[in-house]
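If you're matching them up, the sequences are chains A and B in order.
Just so we're aligned, residue 1 is where the first sequence starts under this note's numbering, counting upward by one.
Just so we're aligned, residue 1001 is where the second sequence starts under this note's numbering, counting upward by one.
Because the hints were derived from the structure by calculation, they are not lab data.
Here the structure is a predicted model, which is why all the values come from computation and not from measurement.
Heads up, the beta-carbon is just placed ideally off N, CA and C, and yes, glycines get one too.
Incorrect hints may appear among the rest.
Stated by the list, open to error - The list that follows gives simulated cross-link-like pairs (lysine-lysine, DSSO-like), each with its CA atoms no further than 27 Å apart: (1) Lys37(A) / Lys1011(B); (2) Lys26(A) / Lys1057(B); (3) Lys68(A) / Lys26(A); (4) Lys67(A) / Lys50(A); (5) Lys1070(B) / Lys1053(B); (6) Lys1057(B) / Lys50(A); (7) Lys1011(B) / Lys1070(B); (8) Lys37(A) / Lys59(A); (9) Lys1057(B) / Lys1011(B).
What the hints assert, rightly or not - Residues of chain B clear of chain A, computed beta-carbon distances all greater than 12 Å: (10) Val1012; (11) Thr1013; (12) His1041; (13) Ser1080; (14) Thr1104.
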Amino acid sequence: QQPVQSPQAVILREGEDAVINCSSSKALYSVHWYRQKHGEAPVFLMILLKGGEQKGHDKISASFNEKKQQSSLYLTASQLSYSGTYFCGTGRNTDKLIFGTGTRLQVFP
Amino acid sequence: DAGITQSPRHKVTETGTPVTLRCHQTENHRYMYWYRQDPGHGLRLIHYSYGVKDTDKGEVSDGYSVSRSKTEDFLLTLESATSSQTSVYFCAISEGLTGANVLTFGAGSRLTVL
Chain A
1 QQPVQSPQAV
11 ILREGEDAVI
21 NCSSSKALYS
31 VHWYRQKHGE
41 APVFLMILLK
51 GGEQKGHDKI
61 SASFNEKKQQ
71 SSLYLTASQL
81 SYSGTYFCGT
91 GRNTDKLIFG
101 TGTRLQVFP
Chain B
1001 DAGITQSPRH
1011 KVTETGTPVT
1021 LRCHQTENHR
1031 YMYWYRQDPG
1041 HGLRLIHYSY
1051 GVKDTDKGEV
1061 SDGYSVSRSK
1071 TEDFLLTLES
1081 ATSSQTSVYF
1091 CAISEGLTGA
1101 NVLTFGAGSR
1111 LTVL
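Model the full structure from these sequences, guided by the hints.
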């Protein structure tokens, strides 16, 4: 069962912040975040493991609430390069990831 | 660079014909995956493999079969292609010892079934 992402789309001006949410109806072992630019393959951003800490690099960070089976991706002071579709991937075990339907982010000057 | 190659990159075929997509990796990773991507559905797992001759179904496996006779190659076969299988297909490998590690995706194969 696919995790649910919200919102489905976000439009921002450069410098604005955004939050993308990912929720699952089942207990999770891990949550991954990927970004896909138009016409390209998805690229890994970060992974959060059960019992792990909030991760982040540069101005993109994420959290994982194990009890609620939810994860959020935080984009701070967005840049044009942040535009793309963001996918969360959830793992209930160590074998495979199930991805959400994606959140399209557009950043304008 | 995980060294993943998908072939063909583009294919147009007719309903009812068999189609095989190939994923080749150069670094002996244990886990390999086939996803399809469609508007409104995101990435959906078709099949995956956790070793030579070890495969399992994903979310949308009906109409697809896979084979892995060598560590480096993971084949996805549509026995009799249908228009609903028109999609972009991505192969991925897990760079760790389990499937819970970072996935690296191939460039994708765009399949059109007329």
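Hints and how they fare:
Between Lys37(A) and Lys1011(B) the CA atoms are separated by roughly 22 Å; this keeps the pair inside 27 Å, and the hint holds. For the given pair, Lys26(A) sits about 19 Å from Lys1057(B) by alpha-carbon distance, which is consistent with the 27 Å threshold. The straight-line distance between the Cα atoms of Lys68(A) and Lys26(A) is roughly 9 Å, inside the 27 Å bound, and the hint therefore holds. A distance of roughly 10 Å separates the Cα atoms of Lys67(A) and Lys50(A); the hinted pair therefore holds under the 27 Å criterion.
Distance check on the hinted pair: Lys1070(B) and Lys1053(B) sit about 8 Å apart at the alpha-carbon level, within 27 Å; holds. The suggested pairing of Lys1057(B) with Lys50(A) holds, with an alpha-carbon distance near 25 Å, which does not exceed 27 Å. Only pairs whose Cα atoms come within 27 Å are accepted, and Lys1011(B) paired with Lys1070(B) is accepted, the gap being roughly 24 Å. With a C-alpha separation of about 18 Å, the suggested pair Lys37(A) and Lys59(A) falls inside the 27 Å cut-off, and the hint holds.
Taking the CA atoms of Lys1057(B) and Lys1011(B), the gap is near 24 Å; set against the 27 Å cutoff, the hint holds. No beta-carbon of chain A comes within 12 Å of the beta-carbon of Val1012(B); the shortest separation is about 18 Å. Consistency note on Thr1013(B): stated as away from chain A, and its beta-carbon is indeed over 12 Å from all of that chain's, at 22 Å minimum. Here His1041(B) does not stay apart from chain A, with its beta-carbon only about 6 Å from theirs, under the 12 Å limit.
Against the 12 Å criterion, Ser1080(B) stays outside the reach of chain A, whose nearest CB is about 26 Å from its own CB. Separation of Thr1104(B) from chain A is inadequate, the least Cβ-Cβ distance of about 7 Å not exceeding the 12 Å criterion.
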